[in-house]
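Undergrad: What follows is the residue order along each chain.
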Amino acid sequence: MELAKTAAVPEEGKAVSGRSPLPKNKIFTKQNVICWIIVSVPLLAFLVFNGFTIIFSILSMFGDMEANRLDTLKWNNFANFLRIGEDIGTIWQSIKVTLVLTLAQFTSLMIAIIIAAFLSQDVKGTRFFQTLYFIPYVCSSVAVSIMWMVIFGWNGGLNSLLGTDIDWLNNMENPSTLTWAIFISVIWQAPGYGIVMYCSAFKSINPALYEAAELDGANAFQKFWYITLPGISTITFFLVLAGITAGLTTFDAARIMAPLSWDGYAGPENAGLALMYYIYIEGVQFGNMGYASILSWILFIVMMIPSVYLIRKRILSLEDL
Amino acid sequence: MEEIVKAKANRRIPVAKIVTYLVMILYTLVLFVPFLVIICTSFTSDYELGAYDFHLFPYEWSGEGYELIFTLDPNAVNGVPSLLIGFFNTMWQTLVPTCVSLFVSALVAFVYSKFRFPGRKAFFLANVFTMMLPLGAFGFVGYLFYVNIGWVGGARGLLPLIIPGLFGSAGTIFFLRTYFDSGLSNEVIEAAKLDGANTVQLFLSIALPLVKPAILAQFLFAFVGGYNSYSAQLMYLYNDKSLWNLQLALSELTGMLSEGNGYNNARCAASFISMLPLIILYISMQKYFIEGINIGGGKE
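Read top to bottom, the protein sequences are chains S and B.
Residue numbers are given in my numbering: position 62 of the first sequence equals residue 62, and the series is strictly consecutive.
Residue numbers are given in my numbering: position 82 of the second sequence equals residue 1082, and the series is strictly consecutive.
Derived from the structure by calculation, the hints contain no laboratory data.
Every residue gets a Cβ at the ideal spot worked out from N, C-alpha and C, and that includes glycine.
Be aware that a few hints might be false.
[Stated by the list, open to error] Here are the computed lysine to any residue pairs in the SDA-like style, where the Cα-Cα straight-line distance is at most 25 Å:
1. S:Lys313 x B:Lys1017
2. S:Lys313 x B:Phe1129
3. S:Lys30 x B:Lys1017
4. B:Lys1287 x S:Met304
5. S:Lys203 x S:Gly153
6. S:Lys203 x B:Ala1126
7. S:Lys30 x B:Phe1180
8. B:Lys1121 x S:Val41
9. S:Lys313 x S:Leu43
10. B:Lys1241 x S:Ile281
11. B:Lys1287 x B:Val1030
12. B:Lys1121 x S:Gln285
13. S:Lys124 x B:Phe1129
14. B:Lys1121 x S:Lys223
15. S:Lys124 x B:Met1091
16. B:Lys1017 x S:Ser40
17. S:Lys313 x B:Ala1126
18. S:Lys223 x B:Ala1191
19. S:Lys124 x B:Ala1016
20. B:Lys1241 x B:Met1091
21. B:Lys1287 x S:Trp297
22. S:Lys124 x B:Lys1121
23. S:Lys124 x B:Phe1180
24. S:Lys96 x S:Leu43
[Said to hold, decoys possible] Label pairs and their computed distance ranges (CB to CB):
25. S:Arg69 x B:Phe1057: 54 to 64 Å
26. S:Trp75 x B:Val1030: 50 to 60 Å
27. B:Leu1281 x S:Ile27: 42 to 52 Å
28. S:Gly89 x B:Val1080: 25 to 35 Å
29. S:Ile84 x B:Phe1057: 23 to 33 Å
30. S:Gln121 x B:Leu1095: 34 to 44 Å
31. B:Val1030 x S:Gly89: 35 to 45 Å
32. B:Leu1029 x S:Phe106: 41 to 51 Å
33. S:Ser160 x B:Asp1181: 50 to 60 Å
[Unchecked claim] Listing some non-contacts, in silico: residues in chain B with all C-beta distances to chain S over 10 Å:
34. Trp1061
35. Gly1063
36. Val1077
37. Gly1079
38. Phe1115
39. Pro1134
40. Gly1142
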């Protein structure tokens, strides 16, 4: 309620110049303090909940714990790190699966561009189809994965459609069919968001550009290449980054479609072992949080590469705020 | 002259249009045949599924699948099927943090937008920075922190799911701030102040209603995200069936049913009725969903 009495909403001139209307020696006014408190809330929460997680995960990498309790942490001569060497085959397998699932995000992006390009044609009913195409996006990846498990499963329809008799999800001869089944479930679901975004991006391109290009004798491909693609570059950039993040952290679909077997495999020859799934199995199910922390940090560092690029771009564009 | 050109265009077969419709219909089939398969399977009896080769439409329609998931549920608590418990848990576990967080985010965004205070820019940069960090990688490592502060086990497992989400989200703050910057002019504020409104009234009765479309968009997507959330509940609530959310209940139920290849009808039924509420919500509010992506998507 203090805020109400003392808050001064900046007048127009002051708001533009950004200068404080108060003398310099009076920084700790009631208004400023209240502003600080309010804007600190999300930042402090972020620091507490993520900061401690990060600190705890660093500590846990260097020792063994009982029941994940840090007070039982015992130095173990880098045993967690040495395990990476022994475990390199599994890690490599999970990296391969994760890359396939990241590829699924890129494929979804391609599908989104193509479908949105068709939806932007001057024909009736595009709005209706756009609405339909977004439906898979609001479905949970758990339910969608179950749906695809049934379709890929025994007597589920795919085999009778293709005239084959393959156990896609448990294929001992070629385990990777499971990985590609997860891939399919992702590209079935993911394009909806991109389709809607690209539709509005296509609409925002100035039609005069196309007319001018037509006068210059440009064909459809040239128009797409020289006008449409540059016009959607910002949204593509955002969707690529979001896709990389989503792809590298795929978990739900992997966990549902490749349930952990009694002997500790995620699908035949770990064909469903996405990196996040491996981290879950090691850290939460087997209680090796130290090792799971190392894997998480590897994933984090890989994901930081595009993020750093984004942060630089974003902070540069914030200069005028 | 113009008439002739038009007439000529009409006579030509509209190849581009036909191709466009073909692609749109083909893609519709790609997206909806899988739905059709599970809907039809969910209405086929287990006996029919086992005795005959795959056929899309059941020879005899049967509600057995839907009966099974409510009567033969091994995860039922006191006779209440886990999907039902899951649905109600999902509702409150999603709505409480979503609403509180949206309110906090809007307040913070309002302060960033309409108040000048020392360090404002630095605070905002910090906010943007937290938004960009790819902390998804630490999703499961968070467990370590919450175990050590005693927030795991039984009902305490709810704490890590709800408490961290109450303090606003950096992305929403960023998004709503641009809204206050452009949608709430200082003239409006001045006029309201002349009418005797204080800052709290200003925020609640003028600022919030002005950004209603933006808040609604954020709410819808947060709600969809919460409804479909799975990994965090799997991690923190697994041991207490009465707290499971819908996705966890669904995955556990279908996981048990799938042992031994039977009960495909029940798995399809469970999966379909879990998707249905959001599909209905989306269809009835599709305008706001699409608008929400259009106004905010490119900025996040």
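Undergrad: Look at each hint and say if it fits the structure.
TA: Each hint, compared with the structure:
1. S:Lys313 x B:Lys1017: Given pair Lys313 of chain S, Lys1017 of chain B is violated - Cα atoms ~40 Å apart, limit 25 Å.
2. S:Lys313 x B:Phe1129: Roughly 12 Å between the alpha carbons, so the hint for Lys313 of chain S and Phe1129 of chain B holds.
3. S:Lys30 x B:Lys1017: Measuring from Cα to Cα gives roughly 64 Å; hence the hint is violated.
4. B:Lys1287 x S:Met304: violated (35 Å)
5. S:Lys203 x S:Gly153: violated (41 Å)
6. S:Lys203 x B:Ala1126: Measuring from Cα to Cα gives roughly 34 Å; hence the hint is violated.
7. S:Lys30 x B:Phe1180: Holds, at roughly 23 Å.
8. B:Lys1121 x S:Val41: holds (16 Å)
9. S:Lys313 x S:Leu43: holds (21 Å)
10. B:Lys1241 x S:Ile281: holds (20 Å)
11. B:Lys1287 x B:Val1030: holds (23 Å)
12. B:Lys1121 x S:Gln285: violated (43 Å)
13. S:Lys124 x B:Phe1129: Violated - the C-alpha atoms of Phe1129 of chain B and Lys124 of chain S are around 44 Å apart, more than 25 Å.
14. B:Lys1121 x S:Lys223: violated (42 Å)
15. S:Lys124 x B:Met1091: violated (38 Å)
16. B:Lys1017 x S:Ser40: violated (55 Å)
17. S:Lys313 x B:Ala1126: Satisfied, since the Cα-Cα distance of roughly 15 Å is no more than 25 Å.
18. S:Lys223 x B:Ala1191: Violated, at about 49 Å.
19. S:Lys124 x B:Ala1016: This hinted pair holds, its Cα atoms lying about 13 Å apart.
20. B:Lys1241 x B:Met1091: Holds - the C-alpha atoms of Met1091 of chain B and Lys1241 of chain B are around 16 Å apart, at most 25 Å.
21. B:Lys1287 x S:Trp297: violated (40 Å)
22. S:Lys124 x B:Lys1121: violated (47 Å)
23. S:Lys124 x B:Phe1180: violated (36 Å)
24. S:Lys96 x S:Leu43: violated (36 Å)
25. S:Arg69 x B:Phe1057: 54 to 64 Å: holds (56 Å)
26. S:Trp75 x B:Val1030: 50 to 60 Å: Between Trp75 of chain S and Val1030 of chain B, where Cβ atoms are some 55 Å apart, the hint holds.
27. B:Leu1281 x S:Ile27: 42 to 52 Å: The hinted range 42 to 52 Å holds for Leu1281 of chain B and Ile27 of chain S, with Cβ atoms some 48 Å apart.
28. S:Gly89 x B:Val1080: 25 to 35 Å: violated (45 Å)
29. S:Ile84 x B:Phe1057: 23 to 33 Å: violated (53 Å)
30. S:Gln121 x B:Leu1095: 34 to 44 Å: Between Gln121 of chain S and Leu1095 of chain B, where Cβ atoms are some 40 Å apart, the hint holds.
31. B:Val1030 x S:Gly89: 35 to 45 Å: holds (36 Å)
32. B:Leu1029 x S:Phe106: 41 to 51 Å: Violated, since Leu1029 of chain B and Phe106 of chain S (Cβ atoms, about 23 Å apart) do not stay within the stated range.
33. S:Ser160 x B:Asp1181: 50 to 60 Å: At roughly 57 Å between Cβ atoms, Asp1181 of chain B and Ser160 of chain S fall inside 50 to 60 Å, so the hint holds.
34. Trp1061: holds (18 Å)
35. Gly1063: holds (18 Å)
36. Val1077: holds (20 Å)
37. Gly1079: For Gly1079 of chain B, whose nearest Cβ neighbour in chain S is about 24 Å away, the distance exceeds 10 Å, so it holds.
38. Phe1115: Phe1115 of chain B not clear of chain S: closest Cβ-Cβ about 5 Å, inside 10 Å.
39. Pro1134: At roughly 4 Å from the nearest Cβ of chain S, Pro1134 of chain B sits no farther out than 10 Å, so the non-interface label is violated.
40. Gly1142: Answer for Gly1142 of chain B: violated, closest chain S Cβ roughly 5 Å.
In terms of the numbered hints stated before, the structure departs from hints 1, 3, 4, 5, 6, 12, 13, 14, 15, 16, 18, 21, 22, 23, 24, 28, 29, 32, 38, 39, 40, listed from lowest to highest.
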